[in-house]
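Two chains, two frames, some hints: make the complex.
The chain contents come next:
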Amino acid sequence: MVTTLTEASHNMSFDSAVIRRDFPLLAKQIDGKPLVYLDSANTSQKPNAVIDAMANFMRESYAPINRSAYTLAANATEQYEGARAAVAKFINAKSAREIVFTKNATEALNLIVSSWGRANLKTGDVVLLTHMEHHANIVPWQMLQQERGIELRWVPLTSDFQLDLTSLTSLLSGVKVFSFTSMSNVLGTINPVEKLCAAAHAAGAISIVDACQSVPHSPSDVQSWGADFATFSGHKMCGPSGVGVLWGREELLEAMPPFLGGGNMITDVRLDGFTCAELPAKFEAGTPPIAEVVGLGAAVEYLTNIGMANVRQHEISLSSYVLDLLTNRFGDDITIHGPRNPELRGATFSFAFRGIHPHDISQILDQSNVCVRAGHHCAKPLMKIIGANATTRASFYLYNTTTDADTLADALDSASDIF
Amino acid sequence: MPGIEDLYREIILDHYRTPRNRGELPPPAVYSEGNNPLCGDDIRIYLDVADGVVRDVKFSGQGCSISQSSTSMMTVAVKGKTVAEVQAFVRRFKHMMTLTNESETVDESVKLGDIEALQGVVKFPVRIKCATLGWNTLLEALTEAIK
Ligand SMILES: Cc1ncc(COP(=O)(O)O)c(C=O)c1O
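Residue numbers (the numbering used here), protein chains in the order written: chain U, 526 to 944; chain B, 148 to 294.
Hints may be right or wrong, so weigh each one.
[As the list claims (entries may be wrong)] Among the chain B residues that face chain U by a calculated CB cut under 7 Å, a handful are: (1) Ile151; (2) Tyr155; (3) Cys211; (4) Ser212.
[Claimed, not checked] Residues on chain U that point at chain B, a partial pick, calculated with CB under 10 Å: (5) Pro883; (6) Ile889; (7) Gln892; (8) Ala899; (9) His901.
[What the hints assert, rightly or not] List of simulated lysine to aspartate or glutamate pairs, EDC-like, C-alpha gap at most 20 Å: (10) U:Lys558 with B:Glu152; (11) B:Lys241 with B:Glu180; (12) U:Lys909 with B:Glu180; (13) B:Lys276 with U:Asp891; (14) U:Lys701 with U:Glu776; (15) U:Lys909 with B:Asp189; (16) B:Lys276 with B:Glu287; (17) U:Lys905 with B:Asp189; (18) U:Lys553 with U:Asp564; (19) U:Lys905 with B:Glu180; (20) B:Lys228 with B:Glu255; (21) B:Lys241 with B:Glu251; (22) B:Lys228 with B:Glu287; (23) B:Lys294 with B:Asp195; (24) B:Lys270 with U:Asp556; (25) B:Lys270 with U:Asp891.
FYI, nobody ran anything at the bench for these hints, they're computed from the structure. Computed from a predicted model, the values in this text were never measured in an experiment. Heads up, the beta-carbon is just placed ideally off N, CA and C, and yes, glycines get one too.
So here's chain B without its partners, still in its complex pose (with noise of 0.2 Å):
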């Protein structure tokens, strides 16, 4: 059985114990919501995109340590980046997941930063979920928003 310190690690219990950027935008600022059906996760990601920026991200919902601490640590990592870093960043992360397949190009230059704490939950499958919700559910605001 792996051990329950590659999942919890500092970082991301610091990230749980004080999220940052928690709470919403107004628009015209967009959102999108994700959930996590197994668990009954929600989660609710707030973008604020101008001029092909990022200017503000906010997060609310519900969620567990892993769900809540990706999110968290993903909001700080994708503010003032453009919609073209964000992409290839969630791409990176993706395949840190194991999620990306082997058609898609993944960038491995772009560095994840404290993000690459969240390495030891592809040893634990069924969090891979959890660590992705937030994610997943920015790449859809970020459509939203660039449409």
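Isolated chain U, as found in the complex (with noise of 0.2 Å):
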């Protein structure tokens, strides 16, 4: 998963400057000073391709979708399906029968563990997870072992923030399955995907990847991977909130039982009875987020147009330049909490910085307009394992310059003013 300079087929015309100018809200000013967006790794912002699909769907061709016949209705359904087709082929997926569009990447990691959990884990039954994991994919887990006592086992840290597999086959004996997410959203890490995949399988499990802070930031393909599930979210690869997805290999999803049961997963209701829909109606239950399915497949057309290696190429280069200018800038008064190679992270950076408590690191950034989070960002398990309670996270992303990373340097000396 990692883009080497090389591989990337690099677009000289790629300038997060201009790209920034497709997403209105980047040209908002507060106070007379721009904004300062770097919380994507929370919710990304949108861009007028986005915007515009959705509204000119709602405006144009709003109906139900898979339930009419008039062609208003039929049109609405081509669009949802084309939305589908669009994210299948962004992820390489086999066909868009394995595309399942969910509320979010927490409800398609729920509809895993409650589906396919609940039909092939027993008591005893081992599930491996990483001490990285955002509590999305590690409370459902917890659900299940409450209600069928299945053992949770743990992959852990080196010291420079990478998984450590050096005891990676043993902990993968007797496991069932491997649930890890592709980059940690404190941390930065990117996990080597394939390796993973690779392992869990020699392991007869399955491997289920968290694929959220990836999926935005860099090509991905679940078959090169050799996954068997993968979720992520459409509200932080520029898509609207209310949808996300989860693929998984079509003969798992085949063989598992629904997930909520209601309209449109059926192909018949009897007083005695149901007869699920086929993939993936069987999974998508009541009506969908229509306009939100339309404005994902918006948000995958845009991103390919601009490439996402390209994407990936230009997060790259500004870790770089972020890497640099804070530990030139504040040598041993920052901690980083993640790796120090950019090829190895993406732009996300979780900080220590003077002793300073992030919830007030975070309000004197607001002062000039830079929005980051302060917390323990969804992963209280590994927050602990680092050694804090909390941290200020400044994530980038497609649309974030070298002049944001400056802004967020001089907002932080500012902080050191007031404490």
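Rendered as structure tokens:
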């Protein structure tokens, strides 16, 4: 997954200052100062392409999907299914039938645990997770643990914030599922997805990739990953909130019981039972987020036009700039919790600064319109392991520039003035 | 945007840099734990109540300048007060933080003293939770102490 300089089809025309203009909210000024949005690991801003696609859809084409014969509804269904095909292509799924729209990545992970997990795991079965998981890839398993008595095992970290894979083979012994993040939302660490999936399979386990933090930032190819399931959220990849994606290998999805029951997921309902619909409708009970799916389709098209290899390349350069800037300027006053090598990380930086509490830092940065997240980033077990109650996190995306990084550094200086 | 100086008043920074009554109290003092799930801050309030009077109070834990200084100032203020006085005092503080509802009676004659400096927090609504963390925890410890 690590895109190196030589591999990337480096596009000289990629210019984040130009891309920025596609995002109307980033042109906003507060108190006469520009907005410096550094919270994209949390949720990304939206380009006109997405905003317009959704508004146009609601103005011109909005209708129910899959239910009605009239032309308007048929066209809406076509757009909805078009988005599914676009998402499938974006992550190189074998077919659009393998793409299930959910509310977000959290729901997608819960779907896997609840449906696949309940059907396949029993008391004593082992699930392997890592110490750098988001709560969304921990709590659903703990819920199943309470219900079923499954065992949870954890891959620890090395001192340079990578997964410690030295004991992977023994950790994987007897494991049924290995579920891990492709990139830590706290540390920025990019995990070797192919290698981890291969190790899981060699041990007879299935692999689940929480791809929430990597799909928006680098090329994704679920087939070459060799994964069984992957999950991500639309809102972190220039799409709207309210839609997420579960990708799963067709054989697995086919064999799984439904998750939510209701309309759209059945072909027949009788007083004595029901018959499930085919994939992917089987997992899309009820009226889905129609306009949001259309918006996600537009986001995928937008990112594809820019080129995910270019996005990754930009973030490697920016990471390199940010790491140099912060360490040269602040030295020992700043502790960055994450890898130093820009090739091994995304542009998400969690840090401690001069002993000032992250809440106070983010409050002071807000005076310069610098938007960062302070807290535990929904990864409390990881926070405990790195020895922090909370960190400040600045996360960059395709529309961020080196100027944004400079403003961050200047604003950090003003935090020291107050404390 | 409200000015940051409304939030970080000198007295607040002073209590943050040099917190008063930090530490623990052994039993028979009671303690309660509070945390702010949003930011992972946690606080422990130790309370020694005898004959209906707060004899001693201490706090431990981690948090931002607002939660730490608010708790520090609170401990100074409640030491020596009766249980009823403490309850009225907390209500008065929560009223300042815009957290009381209309049906609750707030004794406006209760003086908050230095703690008035936290008034500016109201302009930063996300921080109200930080300012009240120690106070809610104190109420829990108080309930425990008079049980
Ligand atoms: C690694 C990771 N997994 C899962 C999630 C959950 O995403 P959502 O809140 O969109 O369901 C996030 C979001 O922060 C994340 O960073």
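Status of the hints after comparison with the structure:
1. Taken as an interface hint, B:Ile151 checks out: its beta carbon lies about 5 Å from the nearest beta carbon of chain U, inside 7 Å.
2. For the restraint placing B:Tyr155 at the interface with chain U, the shortest Cβ-Cβ distance is roughly 6 Å, inside the 7 Å limit, so the hint holds.
3. At a threshold of 7 Å, the smallest CB-CB gap from B:Cys211 to chain U is about 4 Å, leaving the interface hint in force.
4. Interface restraint check for B:Ser212: the shortest CB-CB distance to chain U comes to about 5 Å, inside 7 Å, so the restraint holds.
5. At a threshold of 10 Å, the smallest CB-CB gap from U:Pro883 to chain B is about 7 Å, leaving the interface hint in force.
6. Because the beta carbon of U:Ile889 sits about 6 Å from the nearest beta carbon in chain B, less than 10 Å, this interface hint is met.
7. A hinted interface residue such as U:Gln892 counts as satisfied when its beta carbon comes closer than 10 Å to some beta carbon of chain B; here the least separation is about 5 Å, so the hint holds.
8. Look at U:Ala899: its Cβ gets to within about 6 Å of chain B, closer than 10 Å, so that hint holds up.
9. For U:His901, the interface hint holds, the least distance from its beta-carbon to any beta-carbon of chain B being 4 Å, beneath 10 Å.
10. Distance check on the hinted pair: U:Lys558 and B:Glu152 sit about 19 Å apart at the alpha-carbon level, within 20 Å; holds.
11. A C-alpha spacing of about 19 Å is found between B:Lys241 and B:Glu180, which places the hinted pair at or below 20 Å, so the restraint holds.
12. Proximity of U:Lys909 to B:Glu180 is assessed by CA-CA distance (about 18 Å); at most 20 Å being required, the pair is judged to hold.
13. Using a Cα cut-off of 20 Å, the hinted pair B:Lys276 and U:Asp891 holds, with the two alpha carbons roughly 18 Å apart.
14. As the CA atoms of U:Lys701 and U:Glu776 are separated by approximately 17 Å, the hinted pair is consistent with the 20 Å bound.
15. Taken as a hint, the U:Lys909 and B:Asp189 pair is honoured in the structure, with Cα atoms around 13 Å apart against an allowance of 20 Å.
16. Between B:Lys276 and B:Glu287, the direct Cα distance comes to roughly 16 Å. Compliance with the 20 Å bound is thereby established for this hinted pair.
17. Only pairs whose Cα atoms come within 20 Å are accepted, and U:Lys905 paired with B:Asp189 is accepted, the gap being roughly 13 Å.
18. Note on U:Lys553 and U:Asp564: the hinted pairing holds, with a Cα-Cα distance of about 16 Å set against a maximum of 20 Å.
19. For a cut-off of 20 Å, the pair hint linking U:Lys905 to B:Glu180 stands: about 18 Å separates their Cα positions.
20. A C-alpha spacing of about 17 Å is found between B:Lys228 and B:Glu255, which places the hinted pair at or below 20 Å, so the restraint holds.
21. Note on B:Lys241 and B:Glu251: the hinted pairing holds, with a Cα-Cα distance of about 11 Å set against a maximum of 20 Å.
22. For the proposed pair B:Lys228 and B:Glu287, the alpha carbon gap of about 16 Å is at most 20 Å, so the pair holds.
23. As the CA atoms of B:Lys294 and B:Asp195 are separated by approximately 13 Å, the hinted pair is consistent with the 20 Å bound.
24. Restraint check for B:Lys270 and U:Asp556: the C-alpha separation of about 16 Å stays at or below 20 Å, so the hint holds.
25. As the CA atoms of B:Lys270 and U:Asp891 are separated by approximately 14 Å, the hinted pair is consistent with the 20 Å bound.
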